[in-house]
Amino acid sequence: MSIQNITVALIGNPNTGKTSVFNELTGLKQQVGNYPGITVEKKLGFCKLTHSIKANILDLPGTYSLNASSIDENVVIELLLNKKDKLFPDVAVVITDIENLKRNLLLFTQIKDLEIPSILVINMVDRMKPKGITLDIPYLEDQLKTKIVLVSTRNGVGIEELKTQIINYKSLSNKPCLNASSIDIEYFDKLRKTFPNQLLYKLWLVITQDVNFLNLERNEIQNSFTKSHADLKKLQQKETIKRYQFINNTLKIGQTIDSTKGSGLRSKLDKILTHKIFGYAIFFGILLLIFQSIFDWASIPMEFIDRSFANLANYVKTHLPEGEFTNLISEGIIPGIGGIVIFIPQIVLLFLFISVLEESGYMSRVVFLMDKIMRRYGLSGKSVVPLISGTACAIPAIMGSRNIENWRERLITILVTPFITCSARLPVYAILIALIIPDNRLFGVFSLQGVTLMILYLLGFAMAIFSAYILNKILKVKTKSYFVIEMPNYKLPLLKNVIINVIEKTKSFVFGAGKIILAISIVLWFLGSHGPNSNFNNAENIILNKAKSEGTKLKKSEIDNLTSTYKLENSYIGKIGKTIEPILKPLGYDWKIGIAVVTSFAAREVFVGTLATIYSVGNSNDESTIKSKMQADVHKDGTKIFNFATGISLLLFYAFAMQCASTLAIVKKETNTWKWPVVQLIFMSGFAYITAFIAYQICK
Amino acid sequence: MKTTVDLLQIGDIATITNVDLDKIPLKLLEMGCFPNNTLEIIQIAPLGDPIYLNVNNGSHIAIRKDMAREIEVEIEAKD
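As given, the protein sequences belong to chains X and A, one line each in that order.
Using our numbering, read the first sequence as starting at 1 and increasing by one per residue.
Using our numbering, read the second sequence as starting at 1 and increasing by one per residue.
It should be emphasised that the hints constitute simulated quantities derived from the structure, not laboratory data.
Among the hints, erroneous ones may be present.
Here are the computed lysine-lysine pairs in the DSS-like style, where the Cα-Cα straight-line distance is at most 30 Å [stated by the list, open to error]:
#1 K202(X) / K65(A)
#2 K65(A) / K276(X)
#3 K145(X) / K65(A)
#4 K145(X) / K54(X)
#5 K27(A) / K131(X)
#6 K27(A) / K276(X)
#7 K29(X) / K27(A)
#8 K27(A) / K43(X)
#9 K23(A) / K145(X)
#10 K491(X) / K2(A)
#11 K640(X) / K629(X)
#12 K27(A) / K476(X)
#13 K268(X) / K23(A)
#14 K2(A) / K170(X)
#15 K555(X) / K640(X)
#16 K65(A) / K271(X)
#17 K491(X) / K23(A)
#18 K202(X) / K2(A)
#19 K515(X) / K575(X)
#20 K2(A) / K473(X)
#21 K65(A) / K233(X)
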């Protein structure tokens, strides 16, 4: 028996619960990837409709219309215009919000014009009764030439019916519901006659949109149908108004709203959350809560993970047969993976908060509150979202800056976001703070270590704002300025959405970082346990001979320690470390820290793994954690390597340096040039070097 | 009374009479901002900017003052 595959595209305005419908249909059977060549997230899921019919469900980025104004929206148009794309939908499911039907239907009428069989999902129907909304479904289905499915993902209503409609997609109408070409009859008649085999609306989109599709065809059309930019814009405006006229007339009959059932909760919440005092107080309260949870609550599982990995490494070492392979696992791979796993608790918490803030509709209020303030620094209110989510990771944060319409504001946002303390800096901060800041309480209440961490976060924010201010003064980019943000209705976040989102984000983060860390750990372990010349292999003899010639008697344990130190110094990594040591010495770093700093330019979180690997190689004392090994390490003169001055210098270096290859790659993609990532790399790292240098020289 | 959106007060309800189509992005039109539609001022941000509107009975958006200046309206009701 052959299995039939149906390709379904979920399309809709932002904030219509599109992703909830996607999650309901596919459960956890989702793949998240990227569209080729761009960083727009591509979400594909699978759903078994009957035992012989399967659906591939594509969750397209939210868009207000088919007139694209961002690369996320371009993705939707490019797919819908390209019948040859293997993801071209058999059926389009357009998701709308019952409380915003009028605006949501604009996109629907455009999809219908593309003559793709379409199902109209009206979501959040649990709000109909409290809002006093009634619908005349048969009338609407007739006018909109579609099947309507009423869905409430909150109550699990309508999903089965939606599946049935998807199965029967062949019986759906694919006719447009209005004649948009009447806005300029003469022009469109000419177009129709010249390209009799093409869909009129498709031609129109190709003419007006800046999408890279079918270049040849595009040139051909444009040569004979050029209109000035202003004329085209006028026509697009006419088209939009025409569509709205149709929608208004349809809803006048098809929808009734009892206006006595007002928007009570929404306006009450708006009054408080955007209040000139309470609004800001609540916002900063929420920020405090987020940081409190990351600093404090997350430390409990983190300590447990740290301990477990130290034990695991020890267990492997004592239970597997001795040899190179065992060493690779216990000294390279386990500490390396431990370095990633340890900050899962913090990442989960961060993504949890960010996901709840966005799902609830609160984030838009923050944008509204902060816009005027942020504009002083050349940023937009919308920059607040990247700056906050930058505390999790700069990569999604920079991608999240896409909805900033003004290129100048967006560029500044992209450039300063990497200053925000991301979760990759956390394990570095955590271990350094534990080493150099005493575990005391300030005024008997605040943990001194916690306060230090707080200061580092504030430093990141301050630096981001300060550099935005400078960039605002010197950047000579002129762009048209406009700003439109939707203020969505408040919603209680759906647990399922939040959980799936957190799992998805954590997974991609851990595996993404994991691959780099694992590779670097293995390379480092190899470089640390092999040497370029015979000194490395004859380490024990050299130590013994040296002792003999000096006439000193050594205990067995002393010989072991001296041998492993000597081995490390004469390994490949020791040689590399010694070579770069002069550059980093003024900052107070020895060659081991130097290696960790250099490898951190791939990704900051590598720092801990690198030190773990370096300190594990050939070390006989395996029960201790990385922290205690670092603590015990001393210079030749017996002073501690991780002393206060070195610690502060390292903290500042990590706070400011641009050490993340993935961020540089994203910035290149988003700005379409290597210029900006190179500027970031040089200026941030240069600034980091200087501040770390000054701090060390003052503190030492 | 004829005025522009940037001069309205919280709670004002007005009908759009004219928008400067050259200065207004298409996106704003798609949000429902075009002549003959009504709009209501829901909130003005603490520092006087941006302005939070309900356009066309249900489309809730916030725009900056400089854009609000390009939308001409006729006030319907004022307490």
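Query raised in the report: Going straight from one Cα to the other, do K2(A) and K170(X) come out at no more than 30 Å?
Result: violated (52 Å)
Query raised in the report: Quick one, are K202(X) and K65(A) close enough, alpha carbons at most 30 Å?
Result: violated (36 Å)
Report task. Quickly compare the C-alpha distance for K29(X) and K27(A) to 30 Å and report which way the hint goes. Result -> Answer violated: K29(X) to K27(A) is near 34 Å, above 30 Å.
Report task. Given the hint that K555(X) pairs with K640(X), test it: the Cα-Cα distance must not exceed 30 Å. Result -> Cα-Cα ~23 Å, so holds.
Report task. Compare the distance between the alpha carbons of K2(A) and K473(X) with 30 Å, and conclude whether the hinted pair is satisfied. Result -> Since the Cα atoms of K2(A) and K473(X) sit roughly 38 Å apart, the hinted pair is violated (cutoff 30 Å).
Query raised in the report: Within 30 Å, alpha carbon to alpha carbon, are K65(A) and K233(X)?
Result: holds (23 Å)
**Report entry** Straight-line alpha-carbon gap K65(A) to K276(X), limit 30 Å
**Finding:** holds (18 Å)
Query raised in the report: Going straight from one Cα to the other, do K27(A) and K131(X) come out at no more than 30 Å?
Result: holds (27 Å)
Query raised in the report: Holds or violated: are the alpha carbons of K27(A) and K476(X) at most 30 Å from each other?
Result: At roughly 26 Å apart (the allowed maximum being 30 Å), K476(X) and K27(A) satisfy the hint.
Query raised in the report: Given the hinted pair K515(X) and K575(X), is their alpha-carbon gap at most 30 Å?
Result: holds (26 Å)
Requested in this report: Please work out if K27(A) and K276(X) have their alpha carbons no farther apart than 30 Å.
Outcome: holds (29 Å)
Query - K27(A) paired with K43(X) [C-alpha distance capped at 30 Å] - result: holds (25 Å)
Hint compliance for this structure: hints 1, 3, 7, 9, 10, 13, 14, 17, 18, 20 are broken, all remaining hints hold.
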